[in-house]
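Participant: Residue numbers (the numbering used here), protein chains in the order written: chain A, 2 to 168; chain B, 26 to 923.
FYI, nobody ran anything at the bench for these hints, they're computed from the structure.
Fair warning: this is a prediction, and the values are worked out from it, not measured in the lab.
Just so you know, not all the hints are guaranteed correct.
[Claimed, not checked] Here are the simulated DSBU-like pairs of lysine-lysine, each with C-alpha atoms no more than 35 Å apart in a straight line:
hint, chain 1, residue 1, chain 2, residue 2
1, B, K269, B, K796
2, A, K27, B, K160
3, A, K9, B, K209
4, B, K449, B, K38
5, B, K449, A, K25
6, B, K155, A, K25
7, B, K811, B, K549
8, B, K829, B, K817
9, B, K160, A, K81
10, A, K81, B, K156
11, B, K209, A, K111
12, B, K155, A, K150
13, B, K762, B, K449
14, B, K890, A, K27
15, B, K160, B, K269
16, A, K81, A, K152
17, B, K827, A, K25
18, B, K829, B, K549
19, B, K155, A, K111
20, B, K160, A, K111
21, B, K501, A, K27
22, B, K762, B, K817
23, A, K107, B, K160
24, B, K849, B, K160
25, B, K389, A, K25
26, A, K25, B, K209
27, A, K142, B, K209
28, B, K155, A, K107
29, B, K38, B, K827
30, A, K27, B, K209
31, A, K25, B, K501
32, B, K517, B, K442
33, A, K25, B, K442
[Said to hold, decoys possible] Listing some non-contacts, in silico: residues in chain B with all C-beta distances to chain A over 12 Å:
hint, residue
34, G94
35, V196
36, S317
37, A427
The beta carbon of each residue, even a glycine, is placed where N, CA and C say it ideally should be.
Spelled out from the first residue to the last, the chains are:
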Amino acid sequence: MSVQFNEKQLTEFNRLVARYPEGKQKSALLPVLHLAQESFGGWLSAESMDYVAELLRIEPIEVYEVATFYSMYNLQPVGKYLFEVCQTGPCMLRGSDDIIAYIGEKLNIKPGQTTEDGMFTLKTVECLGACGYAPMMQLGKHYREHLTKEKVDAIIEECRNNAAVNN
Amino acid sequence: MTIYIDNKPYEAKAGKNLLEACLAAGINLPYFCWHPSLGSVGACRQCAVKVFKDEKDTQGRLVMSCMEGVRDGVRIGVEEATAKAFREQVIEWMMTNHPHDCPVCDEGGSCHLQDMTVMTGHDYRRYHYKKRTYKNQYLGPLINHEMNRCIQCYRCVRYYHDYAGGDDLNVFAAHNHVYFGRDKDGVLQSPFSGNLAEVCPTGVFTDKTLKEHYTRKWDLTMAPSVCTHCSVGCNITAGERYGKLRCVVNRYNEEVNGYFLCDRGRFGYEFVNSENRVTQPLIRGRMSEAVSEEELMHELSVLLSQQKLVGIGSARASLESNFALRQLVGAGNFYAGISETEAYLTRLIVQVMQEGTLHSASLKDIEQADAVIVLGEDVWNTAPMMALAVRQAAMKTAANNAAAQLSLPAWHDAAIKELVQTDKGFLANITVAGSPIDNIAQVTVHAVPDDIARLGFAVAHELSNTLPALANADEKLLQTARQIAAALQQSKHPVIVSGLSCVNSAVIRAAFDIAAALNNTHWKASVAYVLPECNSMGLALMQAPSAERIFDSSNANDMTALILENDLYRYLPQATADAFFSRCSNVIALDSIHNNTTEKAQVLIPAATFAEADGSMVNYEGRTQHYYKVFIPKEGHIKESFHWLNSMRIAKNNRSNGHGLSLDELLHEAEIEMPVFEGVHDAMLSPHYSIHGEHIPREPHRYSGRTAMYANLNVSEQKPLQEEGESAFGFTMEGFKGQPPADAAPFFWSPGWNSGQSVTKYQQEPGGAFKGHIPAVQLFHDKVDKAPVFFKDIPEAFVARKQKWLVLPQYHVLASGELSSYTKALASLLPEACVVLSETDAALLGVRDGDKIRVHPGTTALPVKVHLSLANGVVLISAGLPGTEVYNWGDWVKIEKE
Ligand code: SF4
Ligand code: SF4
Ligand code: FES
Ligand code: FES
Numbered sequence: 002m003s004v005q006f007n008e009k010q011l012t013e014f015n016r017l018v019a020r021y022p023e024g025k026q027k028s029a030l031l032p033v034l035h036l037a038q039e040s041f042g043g044w045l046s047a048e049s050m051d052y053v054a055e056l057l058r059i060e061p062i063e064v065y066e067v068a069t070f071y072s073m074y075n076l077q078p079v080g081k082y083l084f085e086v087c088q089t090g091p092c093m094l095r096g097s098d099d100i101i102a103y104i105g106e107k108l109n110i111k112p113g114q115t116t117e118d119g120m121f122t123l124k125t126v127e128c129l130g131a132c133g134y135a136p137m138m139q140l141g142k143h144y145r146e147h148l149t150k151e152k153v154d155a156i157i158e159e160c161r162n163n164a165a166v167n168n
Numbered sequence: 026m027t028i029y030i031d032n033k034p035y036e037a038k039a040g041k042n043l044l045e046a047c048l049a050a051g052i053n054l055p056y057f058c059w060h061p062s063l064g065s066v067g068a069c070r071q072c073a074v075k076v077f078k079d080e081k082d083t084q085g086r087l088v089m090s091c092m093e094g095v096r097d098g099v100r101i102g103v104e105e106a107t108a109k110a111f112r113e114q115v116i117e118w119m120m121t122n123h124p125h126d127c128p129v130c131d132e133g134g135s136c137h138l139q140d141m142t143v144m145t146g147h148d149y150r151r152y153h154y155k156k157r158t159y160k161n162q163y164l165g166p167l168i169n170h171e172m173n174r175c176i177q178c179y180r181c182v183r184y185y186h187d188y189a190g191g192d193d194l195n196v197f198a199a200h201n202h203v204y205f206g207r208d209k210d211g212v213l214q215s216p217f218s219g220n221l222a223e224v225c226p227t228g229v230f231t232d233k234t235l236k237e238h239y240t241r242k243w244d245l246t247m248a249p250s251v252c253t254h255c256s257v258g259c260n261i262t263a264g265e266r267y268g269k270l271r272c273v274v275n276r277y278n279e280e281v282n283g284y285f286l287c288d289r290g291r292f293g294y295e296f297v298n299s300e301n302r303v304t305q306p307l308i309r310g311r312m313s314e315a316v317s318e319e320e321l322m323h324e325l326s327v328l329l330s331q332q333k334l335v336g337i338g339s340a341r342a343s344l345e346s347n348f349a350l351r352q353l354v355g356a357g358n359f360y361a362g363i364s365e366t367e368a369y370l371t372r373l374i375v376q377v378m379q380e381g382t383l384h385s386a387s388l389k390d391i392e393q394a395d396a397v398i399v400l401g402e403d404v405w406n407t408a409p410m411m412a413l414a415v416r417q418a419a420m421k422t423a424a425n426n427a428a429a430q431l432s433l434p435a436w437h438d439a440a441i442k443e444l445v446q447t448d449k450g451f452l453a454n455i456t457v458a459g460s461p462i463d464n465i466a467q468v469t470v471h472a473v474p475d476d477i478a479r480l481g482f483a484v485a486h487e488l489s490n491t492l493p494a495l496a497n498a499d500e501k502l503l504q505t506a507r508q509i510a511a512a513l514q515q516s517k518h519p520v521i522v523s524g525l526s527c528v529n530s531a532v533i534r535a536a537f538d539i540a541a542a543l544n545n546t547h548w549k550a551s552v553a554y555v556l557p558e559c560n561s562m563g564l565a566l567m568q569a570p571s572a573e574r575i576f577d578s579s580n581a582n583d584m585t586a587l588i589l590e591n592d593l594y595r596y597l598p599q600a601t602a603d604a605f606f607s608r609c610s611n612v613i614a615l616d617s618i619h620n621n622t623t624e625k626a627q628v629l630i631p632a633a634t635f636a637e638a639d640g641s642m643v644n645y646e647g648r649t650q651h652y653y654k655v656f657i658p659k660e661g662h663i664k665e666s667f668h669w670l671n672s673m674r675i676a677k678n679n680r681s682n683g684h685g686l687s688l689d690e691l692l693h694e695a696e697i698e699m700p701v702f703e704g705v706h707d708a709m710l711s712p713h714y715s716i717h718g719e720h721i722p723r724e725p726h727r728y729s730g731r732t733a734m735y736a737n738l739n740v741s742e743q744k745p746l747q748e749e750g751e752s753a754f755g756f757t758m759e760g761f762k763g764q765p766p767a768d769a770a771p772f773f774w775s776p777g778w779n780s781g782q783s784v785t786k787y788q789q790e791p792g793g794a795f796k797g798h799i800p801a802v803q804l805f806h807d808k809v810d811k812a813p814v815f816f817k818d819i820p821e822a823f824v825a826r827k828q829k830w831l832v833l834p835q836y837h838v839l840a841s842g843e844l845s846s847y848t849k850a851l852a853s854l855l856p857e858a859c860v861v862l863s864e865t866d867a868a869l870l871g872v873r874d875g876d877k878i879r880v881h882p883g884t885t886a887l888p889v890k891v892h893l894s895l896a897n898g899v900v901l902i903s904a905g906l907p908g909t910e911v912y913n914w915g916d917w918v919k920i921e922k923e
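Isolated chain A (complex conformation) (with noise of 0.2 Å):
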């Protein structure tokens, strides 16, 4: 893939920069950031980093410490589903080791990993705001809560059937 914005992406990325003062473009970083990751296959490679600090005029390493900083970034290539499974205190509490340990022993990849069909990946993230549901995960824009092992499995399923259904 390379590394440019096509027309859409960079009207969109137009908007984001102009919702900030003149000369505060860094303000943007963030979005800019998603909007990367999404147009790049889903991770963002330090050459996607080095694209977003030209276009954002500032130098790469801003980029970087930005970017290291979030688990939402990923930094290396990722699945087509991504688990994101929350490990902070509360869902650990509420067995988030034990999801982990499920899905790493299912799908054989431990986390951070990618399954060899590139299919899935796992990911352990920091508190996601749905404690009151724990444990939980977060799998593309959605939420899964009340996370056991039956449900993880209905997850795997699920996703194996949409991938086998747009293909």
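On the provided structure of chain A, position chain B with the ligands as indicated by the hints.
Facilitator: Structure of chain B with the ligands alone, referenced to chain A:
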């Protein structure tokens, strides 16, 4: 106001936080992320205390002492059980991943983390899991990186990025894998990177040059000293072991360098250990050139009785040595070893400073200025720490404004940064070729010196219309002048910075006129004029004519020249220096390092470096500072120049004894001979000083190996070094065990505080003046009632000449010339010498980047560097780098394509 700490009343200063108040009260409260120069962010949670509502409140609430201000009557508990337990827990968390590798860590023995761990009482490790580990980075030859030791206090980025303005060190990632480093391996770009080693409370960032000959702090012999690499005169502590200088660290001075040093000053010490040292008196042209001191003296007494004896003083030698030379050869035969241009410009500065109508600005004055105008000086390269002070002025003004808006306390760094965002105080940086502080300046101008002076005079006119206006000035210049004048009028304590680097007297006069126009009846405006060398001001105050003036005398032939610590080839164009030597029938040189001048000497005498000498220097502001010898070199012939010169004086005058020639007697003599130096001896701790009859030890009481360290040479213990004559200091760990006077402390240490942060124990309050502080010996005095006499002599606008270029020096921040480049690590960072030309001029000459050209009368061809904002008609040539040639700076030269 009164505060209660553990139920005891203490006096506290308003506007401070509780941590500062506790430390000022002498209480041991552990902390990491707070730093007196960086303020508080509350990141480490180590400084927790309890705050109680009133006497009856037993519950209290836990607060971070660095994040809460003092209030009158506030009651806090430091020793309170929950607070203590909390602090112990915090350090335990921090230490979970710490590698506990103190025995192999360079920080060990001067480590804030060790001190704080012991202070909190955390002594048993309960965490027995795997520790997280990091990959370390290569950060260049000066700073070593060992990330595993990090405790996430964020001081490094806050210093490097926020304080010093470096943009290549940052923090990455989050929670237990935060990483402090660069985006990739590579040399740290800031010339203030060395301070990381002292700012980081652990062994993540350490001095890599020390690693080459590592010694623990407790094994060093140390003395209070002064940096000799530029005219700022930052205070340093230098340490020796086994006859080699091992390292230089910051020595706090509230008014000069505060807690920091530049890299030239910190790392430029290796020349002391150089292979190229002069260690033995030589008389050239003999069968055996090395001679005994007796033979030397015999030879010298013959040479010194010659008719035409001249002495060449040095801007990098001490006041004492220069004075001793002057006394030896006679005031009329004493010349300054600098060019006539430099002598003329320094004389001008001395003249305006002695008038006393302006205040001479210390670095602290600059830091506290609310508007700074840099007029013509390349301050980043010529006086690095002054550039850092200028940066603080711009940052602090914005911070003070923001703080005033919400009545935030000055220490609340996190809140203030949030409020300030990118605002800066007013800075106009007006230079020939720009500098890194351009990017924090509201006004940047790149112009030729005459036009810089014109802009200066235009500003002065805007400030006071009794001063002349510029004839036929262009509108853009006038607009800039108005903008600067408006900012100055609004400021309450502006500082004007100027100096010698653009080699133009009109610039110096314009800087004076601006400052003088700002004066009013209540206060004096401040100026700072940067000079070329560490003791340029001291030499200038002796009012000696320049070495070039020797040629004025018609019988300047067959001279016997005595040259003091000075390579004339670094101050004079080669042809001039050659001409000088051709008129000398005898050359006697005193120096520490072999150079082109020592090559010419028939008699060469080994001189001590700053580390082996006592002496006084006068910095750019007229502040006299004294440095003390760290050690006596084993090569027994190396002595302070003034010692040699005194012996010569005795020999010459057939005086049978050395009475009147000890260091302090020499200074007294100088004070009598030259009243400008009145008071200089007060800068020095009297050699007769003692505490309860005891010396101040140069070695920590833990100094090890004394009885055995030279066992390879002789199994009996060596006799400790002994000073000739009296001294307040001793060379061993014996002597007074308490705190020495802070101004002359050989090193900072206090029970429980082994790192440099023990300096707090010597201060009246953190970041404040020393306890029992002796006022600086300032040779320029503000004269309150005196009205300034303006110069008003505006030069014509610069006109480029056909086929000729105005030649100016381009200095480099890491090179003060020959001395700092003897540190291999620094030398490896120096760029290749080059010739800088404007784009148009390069095109005119038909040259591009990298093409070689020759600038007459220089002899070597240098590569071209095209500069986009340099004015036409000017050429900049690298100066001070090893092997660079000296021009008649400020003169017109021809250029030839190779
Ligand atoms: S590297 Fe040092 S200064 Fe930086 S956060 Fe870690 S311990 Fe603090
Ligand atoms: S070179 Fe100058 S600025 Fe740097 S430490 Fe030495 S005296 Fe200070
Ligand atoms: S702890 Fe998991 S969502 Fe808050
Ligand atoms: S020193 Fe107070 S929180 Fe770090």
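Participant: Now look at each hint and say whether the structure bears it out.
Facilitator: Going through the hints against the structure:
no.	hint	verdict
1	B/K269 / B/K796	32 Å, holds
2	A/K27 / B/K160	29 Å, holds
3	A/K9 / B/K209	33 Å, holds
4	B/K449 / B/K38	28 Å, holds
5	B/K449 / A/K25	15 Å, holds
6	B/K155 / A/K25	43 Å, violated
7	B/K811 / B/K549	10 Å, holds
8	B/K829 / B/K817	29 Å, holds
9	B/K160 / A/K81	31 Å, holds
10	A/K81 / B/K156	33 Å, holds
11	B/K209 / A/K111	27 Å, holds
12	B/K155 / A/K150	29 Å, holds
13	B/K762 / B/K449	47 Å, violated
14	B/K890 / A/K27	33 Å, holds
15	B/K160 / B/K269	33 Å, holds
16	A/K81 / A/K152	19 Å, holds
17	B/K827 / A/K25	46 Å, violated
18	B/K829 / B/K549	42 Å, violated
19	B/K155 / A/K111	18 Å, holds
20	B/K160 / A/K111	21 Å, holds
21	B/K501 / A/K27	32 Å, holds
22	B/K762 / B/K817	58 Å, violated
23	A/K107 / B/K160	32 Å, holds
24	B/K849 / B/K160	26 Å, holds
25	B/K389 / A/K25	32 Å, holds
26	A/K25 / B/K209	26 Å, holds
27	A/K142 / B/K209	33 Å, holds
28	B/K155 / A/K107	26 Å, holds
29	B/K38 / B/K827	65 Å, violated
30	A/K27 / B/K209	22 Å, holds
31	A/K25 / B/K501	28 Å, holds
32	B/K517 / B/K442	23 Å, holds
33	A/K25 / B/K442	16 Å, holds
34	G94	30 Å, holds
35	V196	6 Å, violated
36	S317	61 Å, holds
37	A427	17 Å, holds
In this structure, the hints that do not hold are numbers 6, 13, 17, 18, 22, 29 and 35, in rising order.
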